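The lines below spell out each chain.
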Amino acid sequence: MTPTTRRHLLASAGAGAAGIGLGGVSGYLIGQETAEASSGGTGSVAFYGEHQAGIDTPAQDRLHFAAFDLVAESRAELRELLREWSRAAAEMTAGDPIGDANGVPLAPPEDTGETVGLLPSRLTVTIGFGPSLFERRRLALRRKRPPALQKIPALPGDELNGEESGGDLCVQACSDDPQVAFHAIRNLARIGRGTVVMRWSQLGFGRTSTTSRNQDTPRNLMGFKDGTANIRAEDTDAMRRFVWVGDEGPAWMRGGSYLVSRRIRMLLEVWDRSALEDQEQAIGRHKYSGAALGESDESDPLDLEAESGGKPTIPVDAHVRLASASMNGGVRILRRGYSFTDGVDESLGELEAGLFFLCFQRDPQRQFVPIQRRLGSNDALNEYIKHVGSAVFAIPPGARQGGYVGETLLS
Amino acid sequence: MQRIPVRNSLIAVGIGLAAIVAPGCGSSEDPPLGAKTMAFQLTDAGCVPNSAKAAAGPIVFEVENAGTSKVSEFEVLDGDTILGEKENLSDGLSGSFSLTLDQGEYVLYCPGGDDEKGTLTVSGKLKAETSPQVEDSISRYRDYLEKNTAELISATAPFVAAVEAGDVEKAKALYAPARVPYERIEPVAESFGELDPRIDARENDVPASEWSGFHVIEKALWVDDSTGGMTAVATQLLADIEELQRKVKTVDLQAVQIANGANELLGEVSASKITGEEERYSHIDLVDFEANVEGAEAAFESVEPLLSEKDPKLAKEIEAQFSKIYASLKPYRRGNGFVSYAELTQADTRKLAQQVDALAELLSEVPAQIVGG
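Line order of the protein sequences matches chains U and A. Its first residue numbered 1, the first sequence is counted upward by one per residue in my numbering. Its first residue numbered 1001, the second sequence is counted upward by one per residue in my numbering.
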């Protein structure tokens, strides 16, 4: 099916002229068609469904992520916000502008307009709740807090900046077009004005994970292939075991997941002057082929027992070894991170860049936290990275058509 | 001094565009009641037709690019002022916009065409449709304007006298009280073209040789600690303010303008008060901040009955948000004034800015709600 573009609709509306009236923008609300949600494309991904999109969706190329703090005090206001966010997200993911008041001369358009003429570009909007939301007394949500939703404890190697951590709510907007992702966050922030304030936000310019068998493995800013051993969405068994919340509850989280975000600053200047061999030993993979050390193909399994010259072929402190499922009691996580840069580190004059690490799982306490504790203590990569931001969010299940994300919690 | 672009600003209205009166343009599907549609094409030659006649009233301009790559824009101007336009109409695209025009000669402008400019002649008088309720709103706001221009003169006169007498300390003490009434009604002052820059321009807003008004004296007082050379500036300031008072007495006001004015005042807060740019030498920005909010509130209250009829929920939300802002300003109050802007932390300004944004977002919905009311 050919995706119907915003531009196409706009043009045809304009050509039909008479009766469209003021502004001529409203006309493209008619007849949105849904395109296939294939990887690396311009089509649209359904917003409504059993799970929220943006988790098992083949990772898009671009990210805009934002954490918000609630300033409203009542549950009713939170509910109204989530209703409006869901409605707007459904419109945006379909490639439609938000609302129907976009051509009233005396009113600011409901949609800010920068995606007019752009394709849906596989936009997904994923909404989550931070632990602090459940601590807000007036909301009286304390008893609904999932046991798995705990603030990430201090971990070895953390150098966290409070302003880039935490948040009552989060929105992850992913798209293959950076402007479409930005537009989503901008408009949701606008809708939320007076109810939430943005606490921090992060742009990601390139995916660093592969979440589908149809995707190639991308490289992170260290120049290595990242996420080779990631869970693939097609592996529904692994998704069920490691990503989707099941019977363990609470019931309102069933079909949801937990998101951990870590803003990982890479000390690229230091990394770039490390010898190739040192880089490969730190990661545990060959830089160009992506194969594990001692192997020849990216897809070859890790052989953690292999030795060469009396030493482990994959060093004991190599990143792939410490992060591997077999070193972590078989536990896995779904990684979905993005490379970022935010200009220049003002105090050092160096590139402020790295990995905005995102991962989804059933229980961060049993998955991300122990893995990161091991990595933070021993990972050879620690010489080249700093964890500067941290947050965790409960990602409720998807909304039914006409419903809203968070309905299972608030209704 | 206005630094943000405004769509339906008082300025545009002051020049004779009556777009604001347009009755019943509440929805994007319906053109204004009784609107006449005029079709124009963009061609290599320019606007087609490039000479047209219309009767005063609401007009929908339907513009189509008929296959030119040279022209992609259509504007209607009154002199040099753009009243309405459609941009980015590349080959095959079309669009529309509406204006309510009073009698006069307007310019049709198709930049890039062989003959860029054409003429639209509008004849007949616009019928003003104003209900008693609207009249009440306007007269409430007019009272507020006149009260504040009178206060502006009575507060500026002693300030000017202190400057002329060379009394730096006294002038400093009298500066903030003189600023308050001006900041409350600034959008109206801006509608009189040159008057606002003359009274309120900041350094670099205008060429150095033309810089005059409050902020020249502010700089002399706080940076040079002197009134040297300021006598002429102070005398001119008082004369400009008196001219403002005369003009305000006869200004033509409409309810939608008043509602837009509230919005513009909050735009002022966001753009220059919460950033500390407006009062960069005296740092009394929070005084201006409060005055802008008070002015916005007075403007809102003038039209509130019109809004309450259409959307009582919105009216309530706006009132609640005004209260929140006053409550947030309270900790910074010292005597009759406020702490210096320099004492505010980033967390302080961030909280205030967020609340202003939240209120402004709501206020921006008001004009369309009360139009034709």
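There's no promise every hint is true.
Stated by the list, open to error - A few chain U residues that face chain A, going by a derived Cβ cut-off under 8 Å, partial list only:
# : residue
1 : P105
2 : L106
3 : A107
4 : P108
5 : R186
6 : R190
7 : G194
8 : V197
9 : V316
I should point out that these hints are in silico values taken from the structure, not numbers from a laboratory. These numbers come from a predicted model, not from an experiment. Glycine residues also receive a C-beta, built at the ideal position from the N, C-alpha and C atoms.
Unsatisfied constraints (hint numbers, rising): Failing hints, ascending: 5 and 9.
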